[in-house]
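Chemist: Chain by chain, the residues run as shown.
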Amino acid sequence: MDPILSIRGVRKSFGDVKAVNGISFDVRKGSITGLLGRNGAGKTTTIRMITGIFMPDEGSIEWRGSASSSFRDEVGYLPEERGLYRQMKVTEQLLFLAQIKGRSAGSVAARAETWLRRFELWDKRDAKVEELSKGNQQKVQLIGTLLHDPELLILDEPMSGLDPVNVKLVRDLLKQLRDEGRTILLSTHMMGEAEKMADDIVLVHGGEVVLSGSLDVVRASEGTNSIIVEYDGDGRFLETLPGVVRATIHNNSAELRLDRDADTQSILHAVVPRLKLSRFEVATPSLEEIFIGRVGVETLAAQTAAQGGVA
Amino acid sequence: MNKMLAVLKREYLQAVRKKSFIIITLTMPVLMGALMFIPSILAVRGIGEKKIVIVDGTGRLEAAVTKPREAPPKKESDKGALEKEVSRTKARNQAMPRFTIEYVNAAGSDPKKVAEPQFARLDGRKVGDEKKVDGVLVIPGDVFENRDATMSYYSRSSTDVIAQERLGRTVNDEVQRTRLTSRGIAEAELETVLDRVDLDAVQLTSSGEEKTGGELNFLVGFLFAALLLIPSLVYGMEVMRGIVQEKTDRVVEVLISSLTPMQLLSGKILGLAAVGLTQLTVWILMGVIAAVATGGAAAAAGFNAFQFLRPEIGAYFAVFFILGYLLYVCFYAIAGAVCNSEKEAQQFVQPVMLVLMIPWFLMMPIIMNPESKLSVGLSLFPLFAPITMFVRVLVSEPPFWHVALSIVLSVGAIYGLFWLTAKIFRIGILSYGKRPTIPELWKWTKVA
Chain A
1 MDPILSIRGV RKSFGDVKAV NGISFDVRKG SITGLLGRNG AGKTTTIRMI
51 TGIFMPDEGS IEWRGSASSS FRDEVGYLPE ERGLYRQMKV TEQLLFLAQI
101 KGRSAGSVAA RAETWLRRFE LWDKRDAKVE ELSKGNQQKV QLIGTLLHDP
151 ELLILDEPMS GLDPVNVKLV RDLLKQLRDE GRTILLSTHM MGEAEKMADD
201 IVLVHGGEVV LSGSLDVVRA SEGTNSIIVE YDGDGRFLET LPGVVRATIH
251 NNSAELRLDR DADTQSILHA VVPRLKLSRF EVATPSLEEI FIGRVGVETL
301 AAQTAAQGGV A
Chain B
1 MNKMLAVLKR EYLQAVRKKS FIIITLTMPV LMGALMFIPS ILAVRGIGEK
51 KIVIVDGTGR LEAAVTKPRE APPKKESDKG ALEKEVSRTK ARNQAMPRFT
101 IEYVNAAGSD PKKVAEPQFA RLDGRKVGDE KKVDGVLVIP GDVFENRDAT
151 MSYYSRSSTD VIAQERLGRT VNDEVQRTRL TSRGIAEAEL ETVLDRVDLD
201 AVQLTSSGEE KTGGELNFLV GFLFAALLLI PSLVYGMEVM RGIVQEKTDR
251 VVEVLISSLT PMQLLSGKIL GLAAVGLTQL TVWILMGVIA AVATGGAAAA
301 AGFNAFQFLR PEIGAYFAVF FILGYLLYVC FYAIAGAVCN SEKEAQQFVQ
351 PVMLVLMIPW FLMMPIIMNP ESKLSVGLSL FPLFAPITMF VRVLVSEPPF
401 WHVALSIVLS VGAIYGLFWL TAKIFRIGIL SYGKRPTIPE LWKWTKVA
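So the sequence lines, in the order shown, correspond to chains A and B.
Position one of the first sequence corresponds to residue 1 (the working numbering), numbered consecutively onward.
Position one of the second sequence corresponds to residue 1 (the working numbering), numbered consecutively onward.
The shape of chain A in the complex, shown without the other chains (with noise of 0.2 Å):
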């Protein structure tokens, strides 16, 4: 399908900081796309010069194949920063933010109440922003990025501070879009989330694009080379296995990558006698263990250290 955004040799910096240093990649029409990385890969640059808060000192960004920037008022941006007017009602809010990307009052008006039901705020639409939970403030602002019906969502961390109903909710939501044909970008360092819902990914790290394509197509490329293991008892042992390359253990479970030669009867055989298993699933890698065998561990373990710069 053709591209509706095309991100072409992007660079950015701020100072002496490289926040975003060539990154190109595409967003397919009627698709979820998922911008991962980490906390300060340069996700929010890059979706500050998608968004024309930023201009890019290189490269371009095309929308339906030209590099014009006029299409600001069909993209709904939900930005990592929530904020809203606190003083505003619920109601002038939605319709101001709906005015300020072209649309009349009176054409979002009958959207923002099917909205409003939607989320269950309705009851709640003449009350202040500032009287609303922060979850609720959540939802009126994703409300917000949606009333003016625009072509392509782009959405940073957009499930941060959600409860799980809500995150189902709006998971549910942006699939029905996709189908709807509408277009999301989803930045977020949440693997597991992406892994629910993006149809294409792509992997920043160090302001550089690390891996990008089709969800299903990276996965397979990587092989079923992963063992994943749920578990009661002492876990640590699993990585000094012969054939596991690296464990990532969390509480009672754990995910093995496999050297190519690993035998997955015999670690199996070394495993039952010293954990009471729940599961054990010779499996694709997660994503997330995609994304550590990319970056590694070490330059994670190093710029979790020298977190900071510009996120």
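Please note: incorrect hints may appear among the correct ones.
[To be verified] Pair ranges (Cβ atoms, derived):
no., chain 1, residue 1, chain 2, residue 2, range
1, B, R250, A, D16, 22 to 28 Å
2, B, M286, A, T114, 32 to 38 Å
3, B, R17, A, D172, 34 to 40 Å
4, A, G9, B, I22, 39 to 45 Å
5, B, E344, A, V217, 47 to 53 Å
6, A, G135, B, G314, 52 to 58 Å
7, A, K175, B, E344, 56 to 62 Å
8, A, D149, B, V282, 39 to 45 Å
9, A, G22, B, P351, 39 to 45 Å
10, B, M286, A, D149, 57 to 63 Å
11, A, G9, B, G314, 42 to 48 Å
12, A, R246, B, R17, 27 to 33 Å
13, B, Y415, A, G9, 49 to 55 Å
14, B, T248, A, T240, 48 to 54 Å
Don't read these hints as lab results, they were simulated from the structure.
Cβ coordinates follow ideal geometry from the N, Cα and C atoms, glycine included.
Please arrange chain B on chain A, whose structure you already have, making use of the hints.
Modeler: Okay, now just chain B, sitting in the frame of chain A:
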């Protein structure tokens, strides 16, 4: 355009609906009225009254100081002038503190010695049955003969120049009369001899009109300069607060991704200008109602401001008001864009405002000499032009090309400032970090 209108409408409605706006709009004229009238009411009620002991070494001045002479009647024929004189004297007397005089005849003894026991009363201590006094005036016995004689006025503060001047004048007046009569001038001729000649300032307009009462030029000049300046400062501050608020509310990123900085900026600035106009309109209406209700009290007081209000003045006021507002508001917008808290922004903007207010501090010389090099220079320098030029137009008739050039230069400066502000706005508004230095600001204008 529609986007800008959306911003304008939002800013306007948000500001106008605030309780504080409604309260200030409705109570400010009442407060201002109170501020103007309370002092005169206090004066009438005698709260500004002073109690003074006069120790008279000559023993001949009791009548003069306890019963001040009436203002001498003017020539009967000139009735208009008479009325004017009376109203002027009245105004003068009102502005002065009233005295309660306690007269002590010290003829034949050293008045200073006689006065000394009274000094304790300056602190409010009782001497006999007498209470606190505010001052003690000592008149030496030889004032009529000795040209070097000096009166002394004792008080805890020497700042009451009005009281001193008035006491001195009263005594001097009597001394003069006594000296004249002792030199053979008949009592009846005294008024004629002492009569002063008044000077009327006449402003001659280019169309040959004559206007008098020019001393009021000061008042009118200051009043209009304040009317021009204060709303700009108040609403400029509002623009600044609004921008800082958008930063702290973090709503700005959505705004900038939807609007050009110019749309956002002009929407805000015009929205608050509309708020200001609303407020002014309410105040003017209230003023008109008050004036009608009180039957034109201002006219009764002999204050004829309208002679300065040529028809074109209204148009000039509007033009220079708008220019001044747009000029000042840019600096406030920049401050709001580069700072992260209201406090910080105010610190940032204060020195700039002091510079911009230079014409206000120089108002006296500008009004007194509206065609001087200083006045002309300030009225043509874009940052100072709106106030200075308007005041010049108000109190004088500067050549038209001065006015035109001043307007053109101001428009140019505003255009440049808007451009600069929009540039700085775009970057500054997203930077939550440390406040940028001036060189960094300059770099921003090139980056964005």
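Chemist: Does each hint hold? Answer for all of them.
Modeler: The hints, checked one at a time:
1. R250(B) with D16(A): 22 to 28 Å: At 27 Å between Cβs, range holds.
2. M286(B) with T114(A): 32 to 38 Å: violated (46 Å)
3. R17(B) with D172(A): 34 to 40 Å: holds (37 Å)
4. G9(A) with I22(B): 39 to 45 Å: violated (55 Å)
5. E344(B) with V217(A): 47 to 53 Å: holds (51 Å)
6. G135(A) with G314(B): 52 to 58 Å: holds (55 Å)
7. K175(A) with E344(B): 56 to 62 Å: violated (45 Å)
8. D149(A) with V282(B): 39 to 45 Å: Because 41 Å falls inside the window, the suggested range holds.
9. G22(A) with P351(B): 39 to 45 Å: For P351(B) against G22(A), whose Cβ atoms are near 43 Å apart, the range 39 to 45 Å holds.
10. M286(B) with D149(A): 57 to 63 Å: violated (47 Å)
11. G9(A) with G314(B): 42 to 48 Å: Violated, at about 59 Å.
12. R246(A) with R17(B): 27 to 33 Å: Roughly 60 Å apart at Cβ, these two residues miss the hinted range, so it is violated.
13. Y415(B) with G9(A): 49 to 55 Å: violated (36 Å)
14. T248(B) with T240(A): 48 to 54 Å: Cβ of T248(B) to Cβ of T240(A): about 52 Å, so the range 48 to 54 Å holds.
When the structure is compared with the earlier hints, violations turn up for hints 2, 4, 7, 10, 11, 12, 13 and for no others.
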